[in-house]
Amino acid sequence: MPDFEPVLTANVDKEDAHRLTVYEAGGGYGTLRRVVGQMSPGDVVQQVQASQLRGRGGAGFPTGLKWSFLPKDHPGPIYLCVNADESEPGTFCNRVLMEADPHQVLEGIILSAYATRASTAYIYLRYEYPLSLQRLQAAIGEAREAGYLGKNILGTDYSLEVRIHRGAAAYVCGEETGLIESIEGRRAWPRIKPPFPAVEGLFRKPTVVNNVETLACVVHILDRGVAWFKSIGVPPEPDNPRDAGSFGPKMFGLSGHVNRPGCYEAPLGISCGELIDRFGEGVWKDRRAKAVVPGGLSTGLLSERELDTPMDFAGPIRAGCLGLGTGCAVVLDETYPILDFLHNSCRFFAHESCGQCTPCREGTAWALRLCQRIRAGRGRLVDLDLLAEIGDTIGVMPGTTICGLADGAAWPIKTALAKFRDELEESIRQTNPQGYARTEPVEALNTP
Amino acid sequence: MSTSTDNRSQVEAQSREVLGPKVVEFIEQCHADPEPAGKLIAVLHEVQAEFGYLAPDHLDAVAQLLRVPAAKVAGVASFYHFFRLTPRGRHMINLCLGTACYVKGADQIAHRLQDELGITFGETTPDGMFTLEGTRCLGTCGLAPVMMVDADVHAQVTPDQVPGILEQYLREDKPDRQ
Ligand SMILES: Cc1cc2nc3c(=O)[nH]c(=O)nc-3n(C[C@H](O)[C@H](O)[C@H](O)COP(=O)(O)O)c2cc1C
Ligand code: SF4
Ligand code: FES
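Heads up: the protein sequence lines correspond to chains A and B, in order.
By our numbering, the letter at position 65 of the first sequence is numbered 65, and the numbering carries on one by one without gaps.
By our numbering, the letter at position 139 of the second sequence is numbered 139, and the numbering carries on one by one without gaps.
If we strip away everything but chain B, and leave its shape as in the complex, we get:
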């Protein structure tokens, strides 16, 4: 009977399973970098791209495989606004609330979005279709007011265009949820 309390290999195997082969491979490449810990943000981007958000299990597994303290991983994940710690809807709506968009009526669009979706900022519609977020200036101020849905930029949006834009995404989708 073994008396060793070293369960490192077991923990590693579990962590690999949680993150899946794609992320694990990315982390392995990071170890070739002279400063692997500096890759933490890049790793979290990979995880979020894969799973849509960062669950507690993901954070723990990253800590184990990248060999960074779990507290540090949690600290970084909660510090940066882009990282989500809760599941998101199928489509992300990001409304720019930066100065240029705001003075050109982002507030009215915010009201209309909330009315149409029946949710407020930071929430997801009950059918899981849309998550609504406000963002800081997106650096496309010339097109203000700007609203992003997933990777699409909608420029010079008026409140009356909001229902049509949402409809576009509802129509596109058949319910093949991830």
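Bound conformation, chain A alone:
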């Protein structure tokens, strides 16, 4: 990728990048001027659809297609919800965008709201990001003053309000219908679908939910064109009709046992190993990697042998993971026990399950108890079979739960067992050599 030019992060390192003047000096809001009032909303949707942009928030759903599900000729209001909850463990690239370049995010929001004919956009911002809040609020103020936002944008008859709604810390708020419930002032209990948000979403009106980075991509698609966007990334696999391709640039995060953790932009399809070596400057302390979480905890584990996996929407699936997820990788070095990773993962999901669906609520809690038992030296080899059974039976995929949180809880378990079973068996044999089951009561579910 010698001639790859970063666009999403082009401004990030500029001094005062968050100011309107700096953003405009770099050509910012030029796309908005060329689009609003000049192109019809339908044409914008068509462009985005043609670019085959897929959502950057985790699920990779084609963005233009999602927009096309909105009812035509709806009297309104239509809402755009911006998913800035960024709560997948190990993920932090949206924060970089919102803090360093909030106007880029805002331009993406305005363009996307124009395309979907939304009259209000809600930014659902996780509570833990106070600087993002400050920067977005300031950006909204500046944009309003400059006529990019508010009533009659740039003198056209298009008007848009942008509001920020702060969360209060719950992972499930990132799920799109949980997010909608939360904006309505309720517990973030995901809704049963259908109806999908495009038909009945926020305040029972047609609603589109998109991730921050997805919306930032829209600016560049409309600026540089569909052909440019599709010249980056990976085309669909020819013999997989379900693969919609992985076009465009992507922000990748790196953390854990790497020398240079951070947020880096690269074309979709860069291999996981290259990401670690080139951007992360390799695994720390001259060690090797044992495993890598490719895109946020929910995606599961890649083993060292799978580091050539391309970081596109299809790559991690071929390697037995949930998918690309958020593209933020966590590296585990060769000395790190998989059991500790698994325990931490199970604790997180047990804590965050909203409790509506029995398989998710009970499954995540029991998986945690099994991990606690093994770590306490009372594990049995059959406990691993029990864990595997939980991993295989909870989730939207087997059809037992409302939302994808249970899937996310299952993949770390499934991949740890599929790829590191020997190590897990060994830790049980070492900590409980007799291997028999003592039936002491297990510790109650403890938070955190």
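Think of the hints as simulated: they come from the structure by calculation, not from any bench.
Wrong hints could be hidden among the right ones.
Stated by the list, open to error - No farther apart than 20 Å at their CA atoms in a straight line, the calculated lysine to aspartate or glutamate pairs in the EDC-like style are these: (1) K205/A <-> E35/B; (2) K205/A <-> E181/A; (3) K72/B <-> E181/A; (4) K151/A <-> E133/B; (5) K205/A <-> D33/B; (6) K72/B <-> E184/A.
To be verified - Which stretches of chain A does chain B cover? Using the computed rule of at least three CB atoms under 8 Å from a CB of chain B, they are: (7) 141–152; (8) 166–173; (9) 185–193; (10) 227–234; (11) 249–256; (12) 340–347.
Said to hold, decoys possible - So the derived list for chain A, only partly shown, Cβ under 10 Å to chain B, looks like this: (13) S182; (14) L297; (15) C328; (16) V330; (17) E334; (18) H351; (19) C354; (20) A376; (21) R378; (22) R380.
Backbone N, C-alpha and C define an ideal beta-carbon position, used for all residues, glycine too.
Given chain A, put chain B with the ligands in place with the hints provided.
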């Protein structure tokens, strides 16, 4: 003698007193919003900022003034992890237990914190100085392991730095408790 059983004005007056003028004003602004009930989370943030936690009286008063069922207010307050239903210490310690921090040794820091403070997660020291909590990923994974004390982010913490960090906050404070 009045026969009316309508004590709305009395209930409202009591609720105002419980929440204080700042929060009451915020709630009044919420009524200008097209969907006031959607402001519940924002109101609870205001209350917690004012009082440090959400007491049963606060929740009731919010229900009355925002005109949302009390059960709903209690449900929301107990659902979101950020809302505290018990008083907290002077300083909040939030240790990130997310994946990236955990693999870089958050567990050892957790042990050291508990040893130094003599409390476990979810508890407050007897002198009321520190409340210890674990949190999910804070979105600063590049700085792992991360520990927050109040609004300060402490990056790449090692267990041996823990006593020094705590000392910093003890020294800063003279006992002018709220
Ligand atoms: C449990 C759970 C948590 C999620 N958290 C987030 C999140 O924090 N941020 C996000 O953008 N999407 C998150 N998603 C995905 C959203 O449901 C949704 O697919 C996404 O916001 C759609 O936007 P996109 O198409 O632009 O990616 C989550 C999904 C689930 C099931
Ligand atoms: S799958 Fe889990 S988090 Fe999602 S709705 Fe069901 S119980 Fe809640
Ligand atoms: S895991 Fe600690 S900040 Fe992300």
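Evaluation of the provided hints:
1. K205/A <-> E35/B: holds (13 Å)
2. K205/A <-> E181/A: holds (13 Å)
3. K72/B <-> E181/A: At roughly 13 Å apart (the allowed maximum being 20 Å), E181/A and K72/B satisfy the hint.
4. K151/A <-> E133/B: violated (44 Å)
5. K205/A <-> D33/B: holds (17 Å)
6. K72/B <-> E184/A: holds (12 Å)
7. 141–152: Three-residue rule not met by the region 141–152 of chain A, so violated; n is 0.
8. 166–173: holds (count 6)
9. 185–193: holds (count 4)
10. 227–234: As far as the region 227–234 of chain A goes, the hint is violated, because 0 residues have Cβ atoms under 8 Å from chain B.
11. 249–256: Held - the region 249–256 of chain A has 4 residues with a Cβ nearer than 8 Å to chain B, which meets the minimum of three.
12. 340–347: holds (count 5)
13. S182: Holds: closest Cβ of chain B sits about 7 Å from S182/A, inside 10 Å.
14. L297: holds (5 Å)
15. C328: Because about 7 Å separates C328/A from the closest Cβ in chain B, which is inside the 10 Å limit, the hint holds.
16. V330: holds (5 Å)
17. E334: violated (12 Å)
18. H351: holds (8 Å)
19. C354: holds (8 Å)
20. A376: violated (14 Å)
21. R378: Status violated, d = 19 Å.
22. R380: Cβ of R380/A sits 24 Å from chain B, so the hint is violated.
Hint compliance for this structure: hints 4, 7, 10, 17, 20, 21 and 22 are broken, all remaining hints hold.
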